[in-house]
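Engineer: Take a look at the letters that make up each chain.
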Amino acid sequence: MSEPVVAIVGAGPAGLRAAQVLAEAGLRPLLLDEGHRAGGQIYRRPPPGAERPEAELYGFEAGRARTLHDLADALAPRIAYRPGTMVWGIAERGPAGFDLDCLGPHGHDRLAVDRLVLATGAMDRTLPFPGWTLPGVFTLGAAQIALKAQGMAIGRRVALVGAGPLLPLVAHQYAQAGAEIVAVLDVTPLGAKLKAAPRLAASPATLAKGIWYTMAGALRGQPVRSGVRAVAVEGTARVEALAWEDSRGRRHRVPCDAVGASFGLRSEAQGADLAGCRFVFEPVTRQWQPARSPEGRASHPQVYLAGDGSGIGGADVAELQGERTALALLADLGRPRDAAREARLDRRLARQTGFRAALEAAYPYPHHLVDGIGDDEIVCRCEGITAGVLRRAATERDAREMNRLKALTRAGMGRCQGRVCGHAAAEILARTLTVPVEAVGRLRGQAPIKPIPLREPA
Amino acid sequence: MSGLFQRLAPRSGPAVPFTIDGVPAEARAGDLLIGAILLHRRALRRFEFGPGERAGYCLMGACQDCWVTLADGRRLRACTTLVEPGMAVVTGGVGE
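Protein sequences, first through last, are from chains A and B. Per our numbering: the first sequence = residues 21 to 478. Per our numbering: the second sequence = residues 3 to 98.
Just so you know, not all the hints are guaranteed correct.
[Unchecked claim] Partial selection, computed: residues in chain B whose CB lies under 7 angstroms from chain A: (1) Ala11; (2) Ala31; (3) Arg48; (4) Glu55; (5) Arg56; (6) Cys60; (7) Cys65; (8) Gln66; (9) Arg77.
No wet-lab data here; the hints were simulated from the structure. Here the structure is a predicted model, which means the values were calculated and not measured. Virtual Cβ for every residue (Gly too), placed ideally from N, Cα, C.
Required output: the full structure, derived from the provided sequences and hints.
Structural biologist: Structure representation (structure tokens):
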């Protein structure tokens with residue numbers, strides 16, 4: 021019998037650990053990654069020519085980043101690694117297996133694979149606020165990538181807005197690199213964070229880092245202001261200022277030329293959708309994610325899931341899940357099992373679960389803010405569809421579900437396929453209909469999940 | 003007019019000459035196209051369904067906000083493309 025073909029999509033912490041386990045077992049997995057260099061976003065490696073010392077790039081995480089990058093380099097000759105390759109289509113083939121449609125540096129091709137490990141990561145979660153489509157407004161992740169991958173700041177006077185542990189981290193990294201930070205605003209009330217603090221103590225290292233970043237900012241005279249409301253970017257053609265209301269109702273305004281803003285993370289799960297995986301609603305982070313067993317099995321018997329693409333857990337959890345799901349895959353292939361190793365991973369993953377729940381409780385997706393989104397505010401930034409259009413589709417045209425809303429309004433039909441607007445649009449639709457957000461469903465993924473240029477690379 | 007982005011970490015690598023709307027510009031080896039352009043401009047393209055300009059949003063190849071056009075007809079996602087010598091970016095004069 022010939023060796024089964026296993027493809028891993030995504031070369032971040034989860035995908036790399038899965039590749040390691042499969043390579044150790046004598047398989048030669050395909051590792052398909054959109055990035056030019058393995059490492060994913062959190063341990064993103066700058067392109068050749070833009071390298072900087074790891075301590076500068078990754079701070080406390082420098083050791084972990086180096087370990088993963090070294091692993092990627094060591095694995096490269098033992099696996100079929102394809103950097104710069106986008107998997108834009110996944111179709112079931114015959115009784116078992118998939119055809120993957122890929123676009124890489126050498127053009128298009130279609131790969132037949134038997135099993136699939138999806139480690140596709142996450143992106144920032146967005147909420148519209150006045151001025152958020154002006155040039156100069158980016159996600160917090162974007163602000164961080166500009167710095168890590170390029171050694172650049174997104175502006176000269178930068179304001180940061182968010183809900184999540186990324187906020188004090190990006191503020192710290194920008195200040196360390198010499199950027200001018202004019203405001204750090206957290207839309208989460210301080211109370212929610214304090215309430216979750218005891219449970220966060222289950223992961224003392226992570227908690228300590230968060231406190232350290234926050235304290236370091238405060239000592240530099242740049243405290244994180246909690247519980248802010250009515251955030252608005254002012255400017256006509258470009259970002260000119262950021263305005264907000266503090267927790268006591270006072271208005272503030274600070275001139276700036278760039279803003280980094282996002283509100284947690286959303287799983288990049290369109291590949292799992294195309295592969296036919298069942299999705300479940302995750303109530304804490306209020307998002308639909310592909311169902312995953314504790315060992316990393318999807319509902320589809322040939323699909324395995326690891327990392328933020330199927331549940332927001334962060335980089336450390338992603339590594340553990342990548343290793344664990346690859347062991348499950350090997351077991352399903354009938355390979356000998358290492359029960360002790362499986363049990364050890366299961367224990368470590370179980371410990372992380374409580375911590376993540378506390379973290380999400382500390383920084384909930386601020387869905388209540390959708391009520392403050394004006395009818396003329398753009399929600400779908402690809403197509404320029406406003407909140408008012410979405411609300412009217414609900415009240416006047418009987419849109420009761422996300423795909424109907426998309427068909428009626430084009431929201432989510434643009435280039436990004438609803439990655440950016442999907443969650444906010446669902447919250448707006450649900451509020452308008454006064455139903456729980458899970459009742460309006462989710463946008464179905466469709467190939468190509470990202471735009472494919474008509475003209476291929478030569 | 004200065005650009006939106008600001009280079010904080012100096013680069014020692016070779017200069018990469020390219021053009022924005024025919025105007026010669028200089029990047030450094032290792033610059034992504036989005037960084038190369040936004041060091042000189044404050045936007046990348048016009049928004050095609052309404053007023054205003056866009057300068058990218060997520061920088062990780064997800065939001066598709068940063069597609070730019072080259073004079074040879076190629077359309078590129080600026081946040082996942084490295085700048086190359088001789089690229090001729092056509093923005094139609096945005097973000098000047």
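Engineer: Looking at the structure, which of the earlier hints fail to hold?
Structural biologist: Hint 3 is the one this structure does not satisfy, whereas the remaining hints hold.
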